[in-house]
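Enquirer: Top line first, the protein sequences correspond to chains A and V.
Going by numbering that gives the first Met the number 0, the first residue of the first sequence is number 0, and it counts up by one from there.
Going by numbering that gives the first Met the number 0, the first residue of the second sequence is number 0, and it counts up by one from there.
Take these hints with a grain of salt, some might be off.
Distance condition first, Cα-Cα at most 16 angstroms in a straight line; then the derived EDC-like pairs of lysine to aspartate or glutamate [to be verified]:
1) 171/V x 152/A
2) 131/V x 160/V
3) 171/V x 137/A
4) 171/V x 142/A
Since the hints were derived computationally from the structure, they do not count as laboratory data.
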Amino acid sequence: MKNLISLIAAEDPTQTHHWLLPETAEIIYGGLATVIVVTLLVKFAGPMVKKAMADRTAKIQSEIDNARESKTVADAEASKIRAALGDISAERSRILADADKQAEALLVEGRSRLEAEVRDMEAKAEADIAAAAARSGDELRAEIARLSAQAAERAVASALDDRAQQDLIESFISSVGAAR
Amino acid sequence: MSDARIDSYARALLEIANAEGVLSEVEDELFRVARTYESNDQLRGTLTDETIPVERRQTIVEKLLGGRSTNVTAQLVSFIIGAGRARDLPAIADKLVQAASTQQGSEVAEVRSAVALSADQQQRVASALAAKTGRKINLKFVVDPSVMGGLVATVGDTVIDGSVRTRLDQLKSRL
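So here's chain A without its partners, still in its complex pose:
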């Protein structure tokens, strides 16, 4: 490089055949040096660059693959979540439907049982009323019978004077005598 700079600095543009183009020898040397440098670069730096590029490509591909795989996993997970969400929704709907059904069944059963209990209570109340009425009737009849018997006994006792007693005795004697 120092030689090239010295060479350029030493040149006088006015003394060349063309102010823009270099000297022939310079072109030759420069060309050879360029070929050598390029060859060396191709020979020594090329594989390294290729390897680096390949490594980079592999790394990028790996990252792409990983990303794709992660995306697949994420998609699968998302599908699972969506499915789970769908299942949860369906389960919730099913549970709500079951709950509605059970509530309806309970309501129907409760209403039926309540109606049956009301019917039983009405029947029992009617039976109790009838029994109470019958009991009251029986008690009333018994009381009337008791009072009637007392009244009859008092009436008979007051009517049993001496004459009546004698008549009864005579009647007994007559009936026993007649029945021989």
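Chain A is already provided as a structure; the job is to place chain V on it using the hints.
Expert: Quick look at chain V alone, frame taken from chain A:
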């Protein structure tokens, strides 16, 4: 008391009455005493009260029967009280009456009435019952106010009920 013991007492009393020649009076009086004993709670309580000395109870009986019955009857009742058999007085008397009737060939007939019957009525009742049963009747009359009116005659197992009480009871049942 056992039946055998009651029978023994009744036979003993019967023999005494027979020996004294007052069987008819004694059995009739004992029958009345027994009915009075059954119907009078105070008399029954007094005669069976163990806290009252026996002599005192015998004196009560003798005073009650004195002048109202033969002396033999009073002594026999006093004897039963003294033997501590006052509770069995009705059973002994009934047994005696039954034995006396058997001895006389008659059937005991108990007639209950609310009022006392006249001698004529008693005679006619006896005749009617004898005619009905075909047997000689040893009639025992009991005045029982619970009869109210009419008569109830019991001859052996047969009851002829013409009482007002029974009619009233039947009326009560029908009511």
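Enquirer: Each hint: holds or not?
Expert: Hint check:
Annotation: proposed proximity of residue 171/V to residue 152/A holds, straight-line Cα distance about 10 angstroms (limit 16 angstroms). The hinted pair formed by residue 131/V and residue 160/V meets the criterion: a straight-line CA distance of about 14 angstroms does not exceed 16 angstroms. Restraint check for residue 171/V and residue 137/A: satisfied, since their Cα atoms lie roughly 15 angstroms apart, inside the 16 angstroms limit. For the proposed pair residue 171/V and residue 142/A, the alpha carbon gap of about 11 angstroms is at most 16 angstroms, so the pair holds.
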